[in-house]
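> Sequence:
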Amino acid sequence: AYALRMQDYNTDTALRTPLPGLTDANFDYNTTYLGVGTEGSLGADWLYLGEVVASLGETQSDPVRTIQQEDDVEAYAGRAQITYLFRDRNQTRAQGEALFATGDKDRLSSTDTVNGNLAGTLDRAFNSLGFANTGLAFSPSFSNLWTLRAGVSTFPMPDSVWFQQLQVGADFLVFNKMEAAGGFDETTSNDMFLGSELDLYANWRITSDFAVNLRYGVFFPGTAIAGPDDARHFVLIGCTLSF
1 AYALRMQDYN TDTALRTPLP GLTDANFDYN TTYLGVGTEG SLGADWLYLG EVVASLGETQ
61 SDPVRTIQQE DDVEAYAGRA QITYLFRDRN QTRAQGEALF ATGDKDRLSS TDTVNGNLAG
121 TLDRAFNSLG FANTGLAFSP SFSNLWTLRA GVSTFPMPDS VWFQQLQVGA DFLVFNKMEA
181 AGGFDETTSN DMFLGSELDL YANWRITSDF AVNLRYGVFF PGTAIAGPDD ARHFVLIGCT
241 LSF
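Per the working numbering, the sequence shown runs over residues 1 to 243.
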């Protein structure tokens, strides 16, 4: 269990983009995060993990649509993951994971003050300070979002001198909004389905102090994405040298 206080000491009231009739705004956002989690095993072959977080505090409403005022924040997020260990020589494992972060139906943006919470309403948009696996190519902010992920990984050549430490894996993810009309990272319609993604990866420890990492992700936009529906690609090649 944990508690984290995020106190906003920002005093800047200038707008990034000046708006007609609006010269300044208050950007205070103060929240306390309260979380509880657990992880363990179910027998010899199953691992589990779970976590729930509540974000409670105060925010400033959208200064564009109405006169700005302080509103309460009440938002939640959670994670559940289960892993099956095949216990073979290849150290194969399969995983399933579900993530959710609440959104706010009257927000135009999931995170910003401008186009943010409507005055006089409870702000339910979760703002994350941690890490959640939201894909390589899509990778949206963890707010107004729920995802499902299925993945598998293995060491395909355990008897090879050169490729003994080569691990390969794949993840398939499905993305949806929690609030169909709520704000998101990019322009969306009132549909729920954001899209799906396939991620492939390889981790190869060539020597005890040198490793290569490969990542490839492709995101297929869903009906909620208002922009171009072309597939989005992500490629990463990394090398790690340990001293």
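Just so you know, these hints were derived from the structure itself, not from any lab.
Built from N, CA and C at the ideal position, the CB exists for glycine as well.
Check each hint, because a few of them may be wrong.
Unchecked claim - Under the rule of at most 25 angstroms between Cα atoms (straight-line distance), these lysine to aspartate or glutamate pairs were calculated in the DMTMM-like manner:
| hint | residue 1 | residue 2 |
| --- | --- | --- |
| 1 | Lys105 | Glu179 |
| 2 | Lys105 | Glu74 |
| 3 | Lys105 | Glu39 |
| 4 | Lys105 | Asp28 |
| 5 | Lys105 | Asp159 |
| 6 | Lys105 | Asp171 |
What the hints assert, rightly or not - FRET-style restraints, in silico, Cβ to Cβ:
| hint | residue 1 | residue 2 | range |
| --- | --- | --- | --- |
| 7 | Ala80 | Ala180 | 32 to 42 angstroms |
| 8 | Asp28 | Ala202 | 39 to 49 angstroms |
| 9 | Ala80 | Pro20 | 12 to 22 angstroms |
> Now tell me if each hint is right for this structure.
Verification of the supplied hints:
no. : hint                               : verdict
1   : Lys105 x Glu179                    : holds (6 angstroms)
2   : Lys105 x Glu74                     : holds (13 angstroms)
3   : Lys105 x Glu39                     : violated (33 angstroms)
4   : Lys105 x Asp28                     : holds (21 angstroms)
5   : Lys105 x Asp159                    : violated (54 angstroms)
6   : Lys105 x Asp171                    : violated (30 angstroms)
7   : Ala80 x Ala180: 32 to 42 angstroms : violated (23 angstroms)
8   : Asp28 x Ala202: 39 to 49 angstroms : holds (45 angstroms)
9   : Ala80 x Pro20: 12 to 22 angstroms  : violated (47 angstroms)
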